[in-house]
Amino acid sequence: MAKITFITKDQESIVVEGTAGSVMELAVQNNVKGIDGDCGGVCSCATCHVQVDPASADKLGEASEIEQDMLELDDDANEYSRLCCQLQVTEALDGVVLNVVK
Amino acid sequence: MEHLKEDKKTKLSEFPDAFEQARIEKGYGEIDDQNDPVTMLLRLKDVRKTAHNWKTFISGAEPGRIVVPSEVHIRDIRQIPFEVDPPEHKSYRDLVEPWFKRPLGEEYQKVLKTIIDELIDEVLTMDQFEVVGDFSLKLQSRALTTLLNVPYKESETWIDWGVHVFRSEDTDLDGGKANILFDYLDEKIEEASKNPGDDLYSLLLSAVVDGKKMTKEEVKGVMILTFAGGRDTVINAVTNSIAYFAEHPNSLKRIAQEPEITGRAVEELVRYFAPLTHMGRVVTEDTQVCEHAIKNDSRVSLCWASANRDSAAFENPNEVVLDRKVNPHVSFGFSTHNCLGATHARQILKILLTSLAEKVKDIEIKDAKENIEEWGEFNRKVGFKNITVSFN
Numbered sequence: 001m002a003k004i005t006f007i008t009k010d011q012e013s014i015v016v017e018g019t020a021g022s023v024m025e026l027a028v029q030n031n032v033k034g035i036d037g038d039c040g041g042v043c044s045c046a047t048c049h050v051q052v053d054p055a056s057a058d059k060l061g062e063a064s065e066i067e068q069d070m071l072e073l074d075d076d077a078n079e080y081s082r083l084c085c086q087l088q089v090t091e092a093l094d095g096v097v098l099n100v101v102k
Numbered sequence: 001m002e003h004l005k006e007d008k009k010t011k012l013s014e015f016p017d018a019f020e021q022a023r024i025e026k027g028y029g030e031i032d033d034q035n036d037p038v039t040m041l042l043r044l045k046d047v048r049k050t051a052h053n054w055k056t057f058i059s060g061a062e063p064g065r066i067v068v069p070s071e072v073h074i075r076d077i078r079q080i081p082f083e084v085d086p087p088e089h090k091s092y093r094d095l096v097e098p099w100f101k102r103p104l105g106e107e108y109q110k111v112l113k114t115i116i117d118e119l120i121d122e123v124l125t126m127d128q129f130e131v132v133g134d135f136s137l138k139l140q141s142r143a144l145t146t147l148l149n150v151p152y153k154e155s156e157t158w159i160d161w162g163v164h165v166f167r168s169e170d171t172d173l174d175g176g177k178a179n180i181l182f183d184y185l186d187e188k189i190e191e192a193s194k195n196p197g198d199d200l201y202s203l204l205l206s207a208v209v210d211g212k213k214m215t216k217e218e219v220k221g222v223m224i225l226t227f228a229g230g231r232d233t234v235i236n237a238v239t240n241s242i243a244y245f246a247e248h249p250n251s252l253k254r255i256a257q258e259p260e261i262t263g264r265a266v267e268e269l270v271r272y273f274a275p276l277t278h279m280g281r282v283v284t285e286d287t288q289v290c291e292h293a294i295k296n297d298s299r300v301s302l303c304w305a306s307a308n309r310d311s312a313a314f315e316n317p318n319e320v321v322l323d324r325k326v327n328p329h330v331s332f333g334f335s336t337h338n339c340l341g342a343t344h345a346r347q348i349l350k351i352l353l354t355s356l357a358e359k360v361k362d363i364e365i366k367d368a369k370e371n372i373e374e375w376g377e378f379n380r381k382v383g384f385k386n387i388t389v390s391f392n
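Chains as they are written, first to last, in the numbering used here: chain A, 1 to 102; chain B, 1 to 392.
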């Protein structure tokens with residue numbers, strides 16, 4: 001079980017719990033505003049862009065090259081950017097805080 | 001037909017990569033188009049970077065010029081937001097985006113499901129039918145009534161227009177066909193301006209963009225994009241999917257057994273088919289892409305079909321891997337101008353796959369004529385001119 005906090009662009013804080021699947025799916029199931037996940041999670045649409053709170057950044061691994069290539073051409077991206085369809089919900093993510101970009 | 005069956009059993013649903021050699025050796029291809037040549041960019045990274053660089057590679061050129069083949073001789077109305085660059089682009093896009101995300105809603109999906117189920121039930125009773133005209137065109141037209149939120153009956157008119165909005169059997173660009181659409185839209189815009197309803201025309205007519213009320217010409221520009229952009233593309237995606245499942249019955253069974261892969265299957269089929277081969281941009285300065293010089297005021301095209309087979313990003317690019325997990329395809333374009341209708345198209349295909357898996361055990365191809373596009377040295381299969389099948 002992992003507790004994940006999404007902070008939307010209008011500063012609403014949404015805490016959700018999950019055990020499996022991707023963080024994007026968890027966000028969509030909980031109607032987190034700004035996470036559309038149009039492509040269903042195959043790293044093609046970039047509609048699940050989040051920036052990890054620096055304080056919890058060490059809970060995540062590195063983005064793959066394909067994910068980095070997508071983010072490199074996103075004007076809103078910074079060093080904490082991730083496409084959350086590429087983040088699997090595991091215990092390791094417990095307590096992570098994600099800022100929704102759109 | 002036995003002859004066709006044996007010879008083509010494994011071939012009709014194959015879409016060969018026409019660009020492989022040029023993509024690997026040079027990264028680009030050169031084609032002429034009505035004396036306004038185009039450099040086609042073939043590698044995924046170049047296509048993405050160029051699509052993202054809207055300052056050097058613009059969409060807001062002379063209306064019709066970024067389309068290949070160029071439509072400058074058949075229309076002077078600007079398609080919106082497609083042929084507008086930032087920052088104006090964003091104001092238009094922000095206006096239409098919520099409307100075009102409606103397909104994410106449950107009610108919308110229910111309506112699409114009814115449309116698709118009815119059509120499948122109808123062709124299931126027939127001995128055989130021609131997919132392009134009797135299935136895909138009908139499906140596309142009927143689903144479009146949901147996207148525009150107009151009466152279902154309107155689809156009958158659109159079905160009567162035939163497969164292409166701008167193109168006819170004989171010529172690539174058919175001004176007469178384009179006029180049918182333009183006249184129709186003028187009429188509908190007038191109607192909506194006299195009697196506003198809850199359709200897309202009315203939303204646009206009442207819209208204020210950057211402090212200015214949208215003109216009827218601008219409204220028409222959005223509507224032309226909506227009609228033209230989603231016609232051949234959806235028809236190809238639907239038709240080609242049916243051809244694929246005819247030759248891969250186990251894939252259809254798999255979707256019935258593992259419905260959770262349906263979304264990935266849609267992305268993979270869309271990657272593999274790339275229903276739109278490429279889209280152009282006009283260059284605003286002397287520049288270069290993959291070490292190839294590109295001149296100011298010339299054209300490049302972003303070849304989605306080639307980029308989708310780039311082995312730098314895709315393992316086994318020429319295979320349909322139904323549950324491909326990482327699939328950064330560009331069939332819906334990339335960056336600023338990515339496909340506005342993608343949400344609608346994805347829902348159509350998702351529901352189509354689900355309903356086919358529920359209702360159809362076996363699809364048999366009786367006869368088919370491939371649609372091969374000619375782009376200079378490249379001959380690319382994009383779909384079918386016609387394909388007759390039976391559903392069982």
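Hints in this document: simulated from the structure, not taken from any laboratory. Where hints are given, some of them may not hold.
In silico lysine to any residue, SDA-like type, Cα no more than 20 Å apart, as pairs [claimed, not checked]:
hint : chain 1 : residue 1 : chain 2 : residue 2
1    : B       : 45        : A       : 29
2    : B       : 216       : B       : 254
3    : A       : 33        : B       : 49
4    : A       : 102       : B       : 45
5    : B       : 350       : A       : 29
6    : A       : 102       : B       : 102
7    : B       : 90        : A       : 74
8    : A       : 9         : B       : 101
9    : A       : 102       : B       : 93
10   : B       : 90        : A       : 31
11   : A       : 102       : B       : 294
12   : A       : 102       : B       : 325
13   : A       : 33        : B       : 95
14   : B       : 49        : A       : 77
15   : B       : 325       : A       : 33
16   : B       : 49        : A       : 31
17   : A       : 33        : B       : 93
18   : B       : 90        : A       : 34
19   : B       : 49        : A       : 68
20   : B       : 325       : A       : 31
21   : A       : 33        : B       : 45
22   : B       : 101       : A       : 31
23   : A       : 33        : B       : 101
24   : A       : 9         : B       : 350
Consistency of the hints with the structure:
1. B/45 to A/29: Violated, at roughly 32 Å.
2. B/216 to B/254: Distance ~48 Å between residue 216 of chain B and residue 254 of chain B Cα, so the pair is violated.
3. A/33 to B/49: violated (28 Å)
4. A/102 to B/45: violated (24 Å)
5. B/350 to A/29: holds (18 Å)
6. A/102 to B/102: holds (17 Å)
7. B/90 to A/74: holds (15 Å)
8. A/9 to B/101: holds (19 Å)
9. A/102 to B/93: Judged against 20 Å, a Cα distance of about 14 Å means the pair holds.
10. B/90 to A/31: violated (24 Å)
11. A/102 to B/294: Outside the cut-off at roughly 34 Å; violated.
12. A/102 to B/325: violated (24 Å)
13. A/33 to B/95: Answer holds: residue 33 of chain A to residue 95 of chain B is near 18 Å, not above 20 Å.
14. B/49 to A/77: Holds, at about 15 Å.
15. B/325 to A/33: Given pair residue 325 of chain B, residue 33 of chain A is violated - Cα atoms ~24 Å apart, limit 20 Å.
16. B/49 to A/31: violated (32 Å)
17. A/33 to B/93: holds (18 Å)
18. B/90 to A/34: holds (17 Å)
19. B/49 to A/68: holds (13 Å)
20. B/325 to A/31: Violated: residue 325 of chain B and residue 31 of chain A sit about 23 Å apart, past 20 Å.
21. A/33 to B/45: violated (30 Å)
22. B/101 to A/31: holds (14 Å)
23. A/33 to B/101: The given pair, whose Cα atoms are some 13 Å apart, holds under the 20 Å limit.
24. A/9 to B/350: Given that 20 Å is the threshold and the Cα spacing comes to 30 Å, the pair is violated.
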